[in-house]
Amino acid sequence: MQAIPTTDTAGGASIRQLFGYPFRIFFLSMTILAMVAIPVWVLQVSGAIQLPLAIPGLFWHQHEMLFGFLSAAIAGFLLTAVCVWTQTERTHGLRLVMLWGIWLAGRLLLAFGAGLPDWLVHGVNLAFLPLVMLDAGWRIWHARQKRQLMILAVLGLLWLMQIGFATRFDPAFSYGALIMAMALISIIGGRITPAFSAGWLRQRGLDASQVRTVPALDMAVLFNMALLVASLVSGWQTVTAVLAMTAAVLMVVRLAGWKGWLFRKEPLLWVLHLSILWVPVALLLLAGSILAGWPASAWTHAAGTGAVGCLILGVIARVSLGHTGRPLILPRGMVTAFVMIHLAALVRVVTAFDVMPWHAGVGISSLLWVLAFGVFLARYTRILASPRPDGREG
Numbered sequence: 001m002q003a004i005p006t007t008d009t010a011g012g013a014s015i016r017q018l019f020g021y022p023f024r025i026f027f028l029s030m031t032i033l034a035m036v037a038i039p040v041w042v043l044q045v046s047g048a049i050q051l052p053l054a055i056p057g058l059f060w061h062q063h064e065m066l067f068g069f070l071s072a073a074i075a076g077f078l079l080t081a082v083c084v085w086t087q088t089e090r091t092h093g094l095r096l097v098m099l100w101g102i103w104l105a106g107r108l109l110l111a112f113g114a115g116l117p118d119w120l121v122h123g124v125n126l127a128f129l130p131l132v133m134l135d136a137g138w139r140i141w142h143a144r145q146k147r148q149l150m151i152l153a154v155l156g157l158l159w160l161m162q163i164g165f166a167t168r169f170d171p172a173f174s175y176g177a178l179i180m181a182m183a184l185i186s187i188i189g190g191r192i193t194p195a196f197s198a199g200w201l202r203q204r205g206l207d208a209s210q211v212r213t214v215p216a217l218d219m220a221v222l223f224n225m226a227l228l229v230a231s232l233v234s235g236w237q238t239v240t241a242v243l244a245m246t247a248a249v250l251m252v253v254r255l256a257g258w259k260g261w262l263f264r265k266e267p268l269l270w271v272l273h274l275s276i277l278w279v280p281v282a283l284l285l286l287a288g289s290i291l292a293g294w295p296a297s298a299w300t301h302a303a304g305t306g307a308v309g310c311l312i313l314g315v316i317a318r319v320s321l322g323h324t325g326r327p328l329i330l331p332r333g334m335v336t337a338f339v340m341i342h343l344a345a346l347v348r349v350v351t352a353f354d355v356m357p358w359h360a361g362v363g364i365s366s367l368l369w370v371l372a373f374g375v376f377l378a379r380y381t382r383i384l385a386s387p388r389p390d391g392r393e394g
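Numbering-wise (the working numbering), the sequence shown opens with residue 1 and increments by one.
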């Protein structure tokens with residue numbers, strides 16, 4: 001697909017427009033957080049700066065990526081999609097401002113809240129995901145869409161991991177949160193990726209049946225992920241390794257059925273397939289960390305930077321175009337952004353194995369990450385803050 005500049009003809013950008021739909025403000029905010037939090041962490045860990053963090057630096061970094069960055073992406077996607085699924089009125093205006101304000105307050109309290117009461121810092125941060133689940137949940141319940149309850153169940157487990165992390169600062173809970181993030185990728189990515197891929201083939205008069213999904217296989221992956229997080233948090237090392245390898249094999253089989261190689265010329269599709277491929281990579285690295293003593297930071301960054309970060313960038317690039325009524329034509333530079341974020345994940349993973357010096361590897365990976373999201377910020381800010389060209393809500 002040829003990348004062309006994006007132009008807007010529907011009027012000027014405005015802050016009010018950002019609060020017209022959840023995806024607008026949350027996609028923009030999480031992009032800014034992605035660009036700020038990683039350099040701040042690198043400067044913090046190198047001793048160049050010392051922020052008055054409310055929690056120790058490493059835990060702040062982990063929390064902000066898992067429960068700041070990821071949670072904003074979840075809110076933007078889910079609270080927008082659920083309105084389409086259930087045909088209900090979107091969350092917007094003052095109610096959205098308040099929800100976003102809680103998310104923002106959590107970021108500020110953790111970054112500058114040294115000396116503040118723990119109940120305040122953690123209470124605000126722990127309030128966000130339940131509010132997102134409540135907003136989506138009542139719509140799903142009233143629409144009797146039982147299929148979507150699985151997403152809420154995974155979000156509930158993710159929130160339990162956040163509670164454990166905030167109260168105990170035990171790495172097992174951050175690891176559990178990463179597994180739940182990959183489970184969420186398995187659900188949502190497992191729906192949109194084959195659907196978009198089959199649609200692309202159908203639009204070109206090609207055989208869409210080449211893209212195959214097996215519901216029983218999808219459920220097997222999720223069941224395995226649930227067992228995996230329980231085993232990991234419980235400290236059952238050998239069981240965790242076996243479950244991780246099993247989940248990795250199941251994910252590879254799923255991906256093979258989606259025929260990702262057919263979409264190598266379509267960036268909006270290959271980025272989804274390639275991003276989800278990081279899930280089995282991360283799971284195998286997790287098994288290796290237990291059975292072979294591989295560094296744990298390899299699998300956590302394959303999951304966090306690779307699976308989560310790469311898929312989020314791919315999804316928001318597409319959703320921001322589709323929901324604002326624009327053609328699915330990537331703005332200039334976004335293909336490069338997709339390449340950069342995957343390289344960021346690759347560099348960070350190989351750095352964990354001492355393939356390159358830690359400071360150089362982390363520096364290069366961080367720069368690629370920031371540049372990738374910087375391209376999105378430069379190309380999509382006006383899109384997110386402007387009305388739809390067709391004048392409809394969105």
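It is worth saying that the hints were derived from the structure and are not from the lab. Mixed in with the good hints, there may be bad ones.
Stated by the list, open to error - The following label-pair restraints were derived from C-beta to C-beta distances: (1) G12 with G101: 23 to 31 Å; (2) A378 with A220: 23 to 31 Å; (3) D207 with G156: 20 to 28 Å; (4) G156 with M98: 47 to 55 Å; (5) G12 with A256: 40 to 48 Å.
Beta carbons are placed, not taken as given, at the ideal position from N, Cα and C, and that holds for glycine.
Results for each hint:
1. For the pair G12 and G101, the supplied restraint of 23 to 31 Å holds, since their beta-carbon distance comes to about 24 Å.
2. For the pair A378 and A220, the beta carbons lie near 41 Å from each other, so the given range of 23 to 31 Å is not met.
3. The hint said 20 to 28 Å for the Cβ distance between D207 and G156, and at roughly 39 Å that hint is violated.
4. With their beta carbons about 22 Å apart, G156 and M98 fall outside the hinted range of 47 to 55 Å.
5. Between G12 and A256 the Cβ separation comes to about 47 Å, which falls inside the hinted range of 40 to 48 Å.
Hint violations for this structure: numbers 2, 3, 4, all remaining hints satisfied.
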